[in-house]
Amino acid sequence: MKWTKNADNWVAALVMLPSVILIAIFVYYFIAKTGYTSLTDWGKDPSQALSAHPKIKFIGFENYKDLFTGLINGRFRQDLVSTFFFTLFFIAGCLSVGLGLAMFLDRSPKGEGLFRTIFLFPMSLSFIVTGTIWRWMLQPQGGVNQLPSLVGLPPGKFGWLTSREQVFQFDWNSLPLFTALVVAMVLLWVAFSAFRNGFRRRALTALASAGLLIAWAFTLGSSVQLLPFEEKHGFNLAFIGILIAAIWQMSGYTMALYLAGLRGIPEELREAARADGASEFQLYQRIIFPLLAPITLSAMIILGHISLKIFDLIFAMAGADNAPTDVPALLLYVTAFRSNQLATGAAIGTILLILVAFIIVPYLRSQLRSEVRR
Amino acid sequence: MIGRTITYSVLLIATLLFLLPIYLVVVTALKEPAAIMLSTTWQLPKVWNWDSFVQAWTAFLPKLKNSFVLTFFATLISALLGSLNGYVLSKWKFPGANIIFPLMLFGMFIPYQAVLIPLFQFVKSIGLYGTVWGLVLVHVVYGLPITTLIFRNYYAEIPDELVEASRIDGAGFFNIYRKVIFPLSIPGFVVVIIWQFTQIWNEFLFAVTLTNPKSQPITVALAQLAGGEAVKWNLPMAGALLAALPTLLVYIFLGRYFIRGLLAGSVKG
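Going down the list, the sequences are from chains A and B. Everything in the first sequence is counted per this note's numbering, starting at 2 for the first residue and increasing by one. Everything in the second sequence is counted per this note's numbering, starting at 40 for the first residue and increasing by one.
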């Protein structure tokens with residue numbers, strides 16, 4: 002029977018229509034509007050920023066150019082670098098703490114349910130509650146810094162949220178060089194694994210691209226100047242406090258994922274490996290960790306997109322104006338809603354969206370594709 | 040034997056670390072403002088002062104009310120719409136559904152910063168800026184992807200033959216929903232309602248951009264209280280406990296369903 006012949010099919014489609022329209026407007030139309038706004042000069046003239054019918058001029062990619070190479074936008078560039086490091090350490094922290102806890106819980110200790118409840122409860126809290134609590138925990142002269150004094154040691158002195166110290170510094174001008182090298186490394190790895198699996202064509206393509214990139218990096222790449230001056234960026238140590246709070250809140254999530262994964266590994270498989278003389282260490286290295294790899298990937302993607310968007314936690318812990326702990330999401334809020342620089346704010350929002358889309362779109366695609374196969 | 044000892048020591052130390060912040064919150068909330076000193080942070084209060092909770096309660100009551108109204112309506116509407124959408128997507132697939140569904144799902148992962156500016160202007164232009172209802176609308180819309188996803192996966196488990204049988208008996212779209220699908224949906228609704236309740240109660244970005252002091256929910260009020268200078272810490276700590284309590288209770292008593300929602304968020308569920 003043809004789909005259109007049945008009246009109920011039409012009813013069904015009509016029932017979904019309002020939701021589809023709402024998503025079309027609130028997600029796609031608004032994204033398009035943000036994208037367009039980011040190509041205008043809205044907010045450059047303060048008198049136009051808040052008027053009901055602002056005069057807006059189309060200026061192309063000017064705002065993006067300014068953000069990446071403009072004299073006064075060092076803050077944005079530092080924010081990008083901060084987000085990068087934050088995401089890296091946040092994912093690493095959550096994965097290792099979560100995996101560790103899950104491995105111990107997998108041995109079915111007494112009171113397992115209680116332990117699980119305790120490790121997961123921070124997930125049910127608002128980032129604002131977590132932030133408020135940890136803001137107090139990380140006061141320069143109190144909380145965590147006072148812990149050593151409980152056992153008779155001198156109190157700590159670290160300025161958890163205010164430290165201006167920076168490590169892993171690099172010059173913004175060498176960013177294209179680093180990016181090219183990192184991408185080349187990834188390509189080399191792709192080539193290597195393709196070669197090992199017998200995809201010769203793919204291996205050669207990847208190898209050639211990697212070679213091209215490396216050649217570019219060491220000839221033209223090293224002479225690219227984004228800025229007319231040197232600008233140092235790096236990992237702000239003030240983020241350590243935020244990382245602790247974020248990992249405290251989110252590692253329960255990875256624990257739950259890993260625990261579900263570990264429980265899904267049949268006991269016979271472990272028995273068989275042990276019978277073959279595998280040590281506990283080899284068992285994990287050869288059998289269990291490879292089986293957990295898809296979970297790790299999912300967790301990395303979910304955590305990564307949370308980390309790129311992070312806003313509330315830092316807002317509650319350090320406020321929107323604390324320079325050492327700034328991220329693009331906070332900068333957007335301050336730029337667009339406090340200084341009324343709407344176009345610049347829209348550009349930051351679009352950049353965030355592109356970053357998130359890079360990890361989410363392939364993920365959604367593979368998830369839905371594997372579902373069809375199921 | 041040694042393995043057991045290590046397991047328990049690690050788990051106990053981890054428990055201690057996870058609960059440390061909670062200890063500090065409770066202890067601080069129970070101290071008299073004058074007795075809160077950075078150097079004695081970790082000590083138990085000499086005098087137990089329950090007054091902070093009374094103060095926080097009176098100060099936060101209107102905000103808690105806003106949060107409850109917001110959460111109640113947004114959760115219910117988004118759950119109902121999600122249920123209908125999930126029903127359509129699992130049992131009445133229309134041409135193009137395979138394209139529309141992923142496009143909808145993408146909406147749950149976008150950084151909301153990328154829609155914040157037009158959203159703010161839109162809510163303002165329809166006259167809902169500064170009201171709880173504006174926030175309800177926003178949470179309903181951005182809640183649709185996850186509620187639809189959970190219900191779709193949930194209804195996929197209901198055999199198509201059940202739907203087919205009522206169809207042959209002459210039941211239409213809505214009758215099948217009412218008589219077959221909805222009665223089987225209770226566990227699905229529990230998962231979705233708990234998930235949405237937690238998300239919306241805890242949300243901050245929309246709340247801080249779309250409300251004013253009169254309509255702001257508890258998260259915004261708490262952030263402002265704790266962010267103020269010269270703040271006496273017993274009050275924010277008591278406030279944090281109040282703000283955390285509803286979702287914490289839900290988690291403690293209905294944790295199983297909470298975790299299911301959590302895992303559903305990673306799409307396949």
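Hints listed in this document are in silico derivations from the structure and should not be mistaken for laboratory results. Keep in mind that this is a model prediction, so the values were computed, not measured. From the three backbone atoms N, C-alpha and C, an ideal C-beta is built for every residue, glycine too. Treat the hints with care, as some may be off.
Stated by the list, open to error - If the Cβ cut is set under 7 Å, some of the chain A residues that face chain B in the computed set are:
#, residue
1, Asn7
2, Asp9
3, Leu126
4, Met138
5, Leu270
6, Gly350
What the hints assert, rightly or not - SDA-like mimics (lysine to any residue), calculated; alpha carbons at most 25 Å apart, straight line:
#, chain 1, residue 1, chain 2, residue 2
7, A, Lys111, A, Gly101
8, B, Lys163, A, Leu40
9, B, Lys163, A, Asp42
Results of checking the hints against the structure:
1. Evaluation of the A/Asn7 hint against chain B yields a violated restraint, the C-beta minimum of about 9 Å exceeding 7 Å.
2. Residue-level restraint check for A/Asp9 holds (minimum Cβ-Cβ distance to chain B is 5 Å; threshold 7 Å).
3. Checking A/Leu126 against chain B: minimum C-beta separation of about 5 Å stays under 7 Å; hint holds.
4. Below 7 Å, beta-carbon pairs count as interface contacts, and A/Met138 has one with chain B at about 6 Å; its hint therefore holds.
5. Nearest Cβ of chain B to the Cβ of A/Leu270: about 20 Å, over the 7 Å cut. The hint is violated.
6. This hint holds: A/Gly350 has a C-beta 4 Å from the nearest C-beta of chain B, less than the 7 Å allowed.
7. For the suggested pair A/Lys111 and A/Gly101, the alpha carbons sit about 17 Å apart, so the restraint of at most 25 Å is met.
8. With a CA separation close to 23 Å, the supplied pair B/Lys163 and A/Leu40 stays within the 25 Å bound.
9. Between the alpha carbons of B/Lys163 and A/Asp42 the distance comes to roughly 21 Å, so the proposed pair stays at or under 25 Å and holds.
The structure shown violates the earlier hints numbered 1 and 5.
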